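In order, the protein sequence lines correspond to chains C and H.
Just so we're aligned: 222 in this note's numbering is position 222 of the first sequence, and the numbers increase by one with no gaps anywhere.
Just so we're aligned: 76 in this note's numbering is position 76 of the second sequence, and the numbers increase by one with no gaps anywhere.
Source of the hints: derived by calculation from the structure; they are not laboratory data.
The reader is advised that the hints may include incorrect statements.
What the hints assert, rightly or not - Listed below are several chain C residues computed to face chain H (Cβ distance under 8 Å; list not exhaustive):
no., residue
1, L86
2, L120
3, G132
4, V235
What you are looking at is a predicted structure, and each value in this text was computed from that prediction instead of being measured.
Ideal Cβ positions, reconstructed from N, Cα and C, are used throughout, including at glycine.
Number of protein chains: 2
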Amino acid sequence: MDARGWLAERIPPVETALVNLLAPCDGVPSRLTGAMAHLLLPGGKRLRPALALAAAEAVGAPSERALPMAVAVELVHSYSLIHDDLPCMDDDDTRRGRPTVHRAFDEATAVLAGDALLTLAFEVLAADAGDGSARLAAVGELARASGAAGLVGGQVDDLAFEAPEADRARIESIHARKSAALITAALVGGGLLGGADREACEALRRCGTALGVAFQIADDLLDADEDDGCSLLRVEGMDEARARSEALLTRALEETRRFGEPAEPLRALACYAVRRSE
Amino acid sequence: MDARGWLAERIPPVETALVNLLAPCDGVPSRLTGAMAHLLLPGGKRLRPALALAAAEAVGAPSERALPMAVAVELVHSYSLIHDDLPCMDDDDTRRGRPTVHRAFDEATAVLAGDALLTLAFEVLAADAGDGSARLAAVGELARASGAAGLVGGQVDDLAFEAPEADRARIESIHARKSAALITAALVGGGLLGGADREACEALRRCGTALGVAFQIADDLLDADEDDGCSLLRVEGMDEARARSEALLTRALEETRRFGEPAEPLRALACYAVRRSE
Chain C
1 MDARGWLAER
11 IPPVETALVN
21 LLAPCDGVPS
31 RLTGAMAHLL
41 LPGGKRLRPA
51 LALAAAEAVG
61 APSERALPMA
71 VAVELVHSYS
81 LIHDDLPCMD
91 DDDTRRGRPT
101 VHRAFDEATA
111 VLAGDALLTL
121 AFEVLAADAG
131 DGSARLAAVG
141 ELARASGAAG
151 LVGGQVDDLA
161 FEAPEADRAR
171 IESIHARKSA
181 ALITAALVGG
191 GLLGGADREA
201 CEALRRCGTA
211 LGVAFQIADD
221 LLDADEDDGC
231 SLLRVEGMDE
241 ARARSEALLT
251 RALEETRRFG
261 EPAEPLRALA
271 CYAVRRSE
Chain H
1 MDARGWLAER
11 IPPVETALVN
21 LLAPCDGVPS
31 RLTGAMAHLL
41 LPGGKRLRPA
51 LALAAAEAVG
61 APSERALPMA
71 VAVELVHSYS
81 LIHDDLPCMD
91 DDDTRRGRPT
101 VHRAFDEATA
111 VLAGDALLTL
121 AFEVLAADAG
131 DGSARLAAVG
141 ELARASGAAG
151 LVGGQVDDLA
161 FEAPEADRAR
171 IESIHARKSA
181 ALITAALVGG
191 GLLGGADREA
201 CEALRRCGTA
211 LGVAFQIADD
221 LLDADEDDGC
231 SLLRVEGMDE
241 ARARSEALLT
251 RALEETRRFG
261 EPAEPLRALA
271 CYAVRRSE
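This is chain C alone, in the form it adopts within the complex (with noise of 0.2 Å):
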């Protein structure tokens, strides 16, 4: 199956509805709204919005069921970005080859906007509820996932990383929290939006928490040369690097058996995802 071509159709609706969501409205600021645009619009791969779609047409309902799953994870991401990138944390001025919010704007505004898109988020969750359980369970998986055993979590741990003390554990646990953990959510919360039962959400979270290292193993992989910060590369070759890749990437795959056929996108996404990250 062809990812490309999967996601040329289904993520039109998720890049429609950000725009939306950013349209000029009574009582915010032009300049919040253009702050939290900047990143947001331009967008990247969409990967986390194209796994939550794929998680609910693996448990069977029209991947539209999970467009709010899509899009606040996407929101999620972008606020992360932001919040990363800032003279505080990375100290980053460029983002897929453009200035930071922070550059772009201020630094109080990227602040800003990086909570906005965060509140956001949940907004969406919360908005013209269909099964009103589901959608509450969605907000506690990306709660979790965002919070401070999830995303902020592994983000202090990182800034605090030390190469000396590094090793295999230490890194994918990192890694687990800073990039799987929001993954995981996506295909959880978009299970719980397609109508997943428990067992199908576990199955969910195991293929996210694999897949979710593995990708990030990939994206250090393709930064090799760059080699600052917390990647599996400070410990171990390129070699034993892609080959635990792989096998996580196996790990994930194996856990979308039980989907059968309607996980197709799913798997392909993830093969899509690990072998060839930008």
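We have chain C; now place chain H onto it with these hints.
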């Protein structure tokens, strides 16, 4: 009715819940938990939690039904203070007589502690749901109040505020978002968890909007000698501002009349907050 006596009974479960949320936890860096607790646990007046609990009582429910909302609004309040204090915003070194979070820790940790507190608010609302649809509606209330059209948007306009262009409408528009939005969310969210119907929620919303602006004016009157920032005292005398605050309080109290006797604590709190806010 004595607001202090009511508070002395109703607030301890909120304190206990906040302490438990920040207990040591696998995968959560202790530095992060420390920074999250720094401002939150010593705490302030706990006005917003009290309003959430009082709103539940006003609509005939036991106050503990609103405990998740009480906790959530205090988490959001604490996050907003931490981010407002940052060097790139108000650049405050102390708050409530102690070093601000970025002074006691560092700037990155302060940004991330705020992020984690905001996220935790939604996690709390999503946890062990009683009535899923009321909880989800409370998530929506909190997210709208906290986001680009509420707290965050108000802060953006407050930072850009220039005294020469000040008039009452402009100042109250900032107060409505920076102060009243979260107070309103506390009331409406507390009401929702207490089982309020749509009309009761709308009365609580009107009450919160008036009360929130009255409270902010009263706050500015107490800080009158500081005279910086966005305050009604920029364009009106102390007597006029005091009269405006009282008029808004009266309007807030009127909105609670429909609830009768069970709204006594809410009325007592409203008077307490406006007439002797600190």
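Quick rundown of the hints versus the structure:
Interface restraint check for L86 (chain C): the shortest CB-CB distance to chain H comes to about 7 Å, inside 8 Å, so the restraint holds. Hint on L120 (chain C) holds. Least Cβ distance to chain H is approximately 6 Å, under the 8 Å limit. Annotation: interface hint on G132 (chain C) holds; nearest CB of chain H at approximately 4 Å, less than 8 Å. With 8 Å as the threshold, the beta carbon of V235 (chain C) stays out of range of chain H, its nearest partner Cβ sitting at about 20 Å, so the hint is violated.
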